[in-house]
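Residue numbers (the working numbering), protein chains in the order written: chain G, 20 to 429; chain X, 40 to 280; chain H, 6 to 355; chain A, 6 to 295.
Some clues are possibly wrong.
Derived list of chain G stretches under chain A, where covered just means 3 residues or more per stretch with a C-beta under 8 Å from a C-beta of chain A [as the list claims (entries may be wrong)]:
(1) 69 to 75
(2) 146 to 159
(3) 229 to 236
In case anyone wonders, no lab produced these hints; they're calculated from the structure. From the three backbone atoms N, C-alpha and C, an ideal C-beta is built for every residue, glycine too.
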Amino acid sequence: MERLSSRTSRRSVLAGGAAAIATSIAPFSIGRAQASKLKVGVLLPRSGPQAQIGIDCQRGADVAINVLKAKGFPELEFVLGDTETNPQIARAQAEKLIDQGIHVLTGCFDSGQTLAAAQVCEQKGIPLVVNIAAVPSLTDQGYKTVFRNFPTGPMIATDAFQLQKELYTAAGKAPKTVVMIHANDTFGASQADAAFGLLPKMDMPYTFVERISYDPTARDLSAEIRKGKGTNADAVWFISRLNDAMALCREMVKQRWEPMGILSSGPGWYEGQFLQNLGKHGDDVVSFIPWYDPNKAMSKAMTAEFTKQFPNLQLNTNHAHTFEALLIASDAYKRAGATDPAKLIEALQKTDIKDNVTVGPGVKFNEKGQNTATRCSAIQNRGGKTPTIFPAAAAEVKPTWPMRGWDKRA
Amino acid sequence: MSTLLDVAGVGKSFKGLRAVHDVSFQVSEKEIFALIGPNGAGKTTTFNLIAGAIRTDTGGIRFAGRDIVGLRPDQICDAGIGRTFQIVMPFPDLTVLENVMVGALHGETDVAAARRRALDCLALLELDTRRHVYAANLTLPDRKRLEVARALATRPRLLLLDEVMAGLRPTETDRMVAILKRLRAETGLTILLIEHVMRAVMALSDRVLVLHHGERIAEGTPEEVTADPAVLECYLGSAPV
Amino acid sequence: MIDRLFGDLTRAGLAALAAFVLLLLVLPGFATGYILSVTTIILYLAFVGQAWNLMLGFAGLLSIGHALFMGIGAYASAYLFARHGLPPIVGLIVGGGLAVAVGAAISALAFRFAIGGVYFALLTIAFAEFTRIMVDHARFLGGTEGLFLPVSAESRQGFDLFHLRGRPEMFYYVIMLLCLGAHALCRWLLTSRAGYYWRAVRDNPQAAEALGVNIFRYRMYAVMVSSGMAATAGVFYAFFYNNLFPEQIFSVERSIEMTLAPIVGGVGTLFGPIFGAFVLTPLGEVLTWAIEWLQHEEIIGKQVKVDGVKLLFWGIAVAAIVLLQPRGLWPWACKRLGLIRAPEDREEGR
Amino acid sequence: MDTVTLLNVLVAGLLTGCVYGLSALGLSVIFGVIRIVNFAHGEILVVGMFMALVLFRWIGLDPLLSIPVVAAVLFAFGYLLQASVIQRVAHLPEHMQFLLLAAIAIAMVSGCLIVFGPDAQNVQLDYALDSFAVGGLIIDKTRAYAAVAAVALAAALLAFFRFSGTGRAIRACADNYLGAQVVGLNVSRLYAFTFGIGSACIGAAGCIILLLVDVHPYLAPGYTLLAFVVVIIGGMGSLFGALLGGILIGVAEALAAEMIQPSLKSAFSFALLILVLLFRPQGLLGKAGR
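Bound-form chain G, shown alone:
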């Protein structure tokens, strides 16, 4: 199904369809020479199966534009693009955004789509500030223009182990056995590989009893839960997507599986939709994920603006990491003093932001463009909210562990 949609820039929409054609055919150098603001291409899956996440990420960008202005950063102008949840389109859209004169690209949430866009950025010398994408090869393939302030799959797994240790120590109770249930997709499989590889080195109180992988396109996940329950493991560790997470949680209730706790290190189990659809049954789940540090000054500004713009929504990692990607781009522009992509790349390499929103000491990139110091948080679902429980510096509440039984919830 070939669909090449696009969101043209606001400016080109003003001029109508004919001008939009002209913009996209005109050599991009003209557009660039005239720019005074930093033109940022925001390329996200806005339609297709990942549409809800892409649209969610955009909210972080909408928040950033006001917060950064108030904090004295140079002004940003967005040029929006839609990957349609398809790497092929992601590549063409990256080309289109670059033709429209963007100076820096940010996106694309999904690893496959981000990889496709990274190739174009590399070829055109345009910096790509990744908001979310965990596949290690993104920063291992030697791209010179890719910068990622998001942990790789193995980094998330490492943090998940360390945060679990803190959790078990604080709660005074640790599982002896854990069953891993993960989606057999790019994110799930690579993180599960990392977790199984790391476990022996992490000195954990438990062992994995089984690794259960499932097809995320499967219509029915009852067999997966039955098999997990059958292992009699003390705790279960999920790596899933949003829709599977809801189905899996519901199956756990139906099959009356009440382990010591539900651990998760992926999307799904903390998202607004999950909390809303599962209600009390979604409580007590602990997610180990890249998150924002609510105690940082920038986070407070972000939270305030977010609450103003989206009073009915919960701030989450989609918002925070998209926000921070724009913070990084804006910061580099401020220091470079020019929109020239080569100078921006140079500035990005020297990034050293202390006042950021995500967990960890700040933003600094290694020679591969990866921020190795960024950390994950442990958050727990509490009555429709997702407060941080670890690391201690970012904690908002005390953990509930073991989780309450399904029928012992108010």
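Using the hints, position chains X, H and A against chain G.
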């Protein structure tokens, strides 16, 4: 004259219904041999058995001394038997010329040669002026002739013609009769035909076999079988038994 | 030779074809990266569309699992390049051979068991889906974590045809030549014995068989040529995108994507798949512009999702084409523009 | 595997299989009579689910009680779709019908996307998360309801085709199109009626499946594919074949998930499909001779 086709005691049933039972006959080289009989007599079934479209239950069929039972239709075509279908089966999205070229490619090594041969066959069947018409747009008599041209283009030794005169006007029938006679004279073709149009049968056939209810009831020259009381009976309605 | 291959075109048709090829040749001279990228996708779709059309349009075999053959080519060449450093030509030979063998095996099974029509189509889907799940679990192919082709920043600027490493312009020219080559191949096949036999089998297998056509063999040939072409497209895809994920490569959506251009352009026509690809992709773009303009003029609200509206109209447009021009847009355009000779006029060109 | 686990697996596979069968019944009805492969099957199902969702949100109607409403609306939709659009491609080759229905499917998914957004939504009912426990055997309540509904629906359809005048007339069309025309049946009206019945059936299935699955627009293609697999294994056009096909897949998947790996389970349903296509292309309960 040597025997070209030898049908020996073939039989075929469909779901217990006997379509053909113990039918035997021989067709000699360069002969024009007609199969006649009322509707449902088993004529077309006999054709399909010879052409390999359906498989015999019993009996044997030899062509030019070779057992052809169990061969696929295309292998039977390779062996030298060409056929037409009672319900015409043109390739509707191909032109008349292309239709015949499909037949002509059998036995020709290259497309240009097949094209020349196809044009010859079309000329013979007096279809050459219609050669660029899509077969879907042909009239019924033209489709009947297209069937013959196509089968002829495969260079058969034996041509099976299934009611190619049906629906033709008397003058057209006479033209077809003339064409077939000329074919035999010029190429030494052997023809086995099913025909209802007695005018054509009488004019063309050397010998006639009459089938009724899947069984052979008479065989002989056209004059002999038309005089046979059993034949008259089966055609004119049966006398009380 | 020219006569045999292009005898069906009028003077206007030949001129249009020449102008089209010329435009494609000079396009990288003035097109932006985006236009080039989109045209590359269009040409890729035109190429796989021709492969698919060869099976349905010429031989009457409906496949909705063509992503299988494309994926085999993509994965085989990517694997040999990424893990063993072998150039794409080796991948093409191995992947193409494998795809042809798989195509032959599937069709041999299907035709031996007399599976036809929709059932054959569903059989192809079943094999494609089965393969997707198997590749999901094939660790040596990267599984769901993906298979990545190594590519350096320097090679991205180069023009290394042998290793298929280079600038987008190189990939553009490669797929353009493949597309035109496929067009020439289809023309040649259609005017050869196989072409006549395929169309005969498509129109009426029983009659074809009576004329000495081994329908089993010629159907097999069609599947084999088509799967080999699809595998070639896969090799291109792998080296152009450099990242392969099973759910992207082997998905039903990808198979359906291959069928759209030829059906809209005209199944069984030579130029239909190319024409269809060049109509469908811009159609999406035009719809997007139209909707954004309507939103800007506040004729429809901003809260309406552009993508939903676009695909809604896109679906309606395709349905309308099916209902109004069931033989495709290309035959209709030809008649309007006089690009193709009527059969009776072709003789004179010879 | 011990007996209790095996029993749990088999029962759950059976119930899930009934739900699969339920979701595919409508496809079987439409193909069995009109000989059109409905590539918009999953999309109609998703529309049915959304309608039940709206009724629940709007007036708090239990999805099981909304079945008559949803079925009636989808009957009208199916009737009109066949009478106004699909009728016109009946004489065209299969791939054109496929493309037309695929295009309609895209338009329907997009319509859902515009109206309902991309989020997965569900109904929250007290009994939706309940289960019966009999010793070590745990039976999912909603799946049990769905299984009963599936059998009831299949039986009702069967009774309709066997005993009602219209049903018999439709069967006559299915068996002999020309013959039905000759004896004066209004074939195109009966076809439209059949597409309506099939769609109503899909709508009823949608209402029940909403109890089990969160609905979102992109659910549709998966259900279309699933329905194909189920119906081909069971036999195109056979109502109990669809149930049998669903149960076979449900049980095969449950066993494969338990004994091998869940992510491989759909490979087994496709393998089953390939085997059936090769050795019994008319399906397990289908009539021979296509």
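Right, here's what the structure says about each hint:
1. 69 to 75: holds (count 3)
2. 146 to 159: Answer violated; 0 residues pass the 8 Å Cβ test.
3. 229 to 236: Check passed, 5 qualifying residues.
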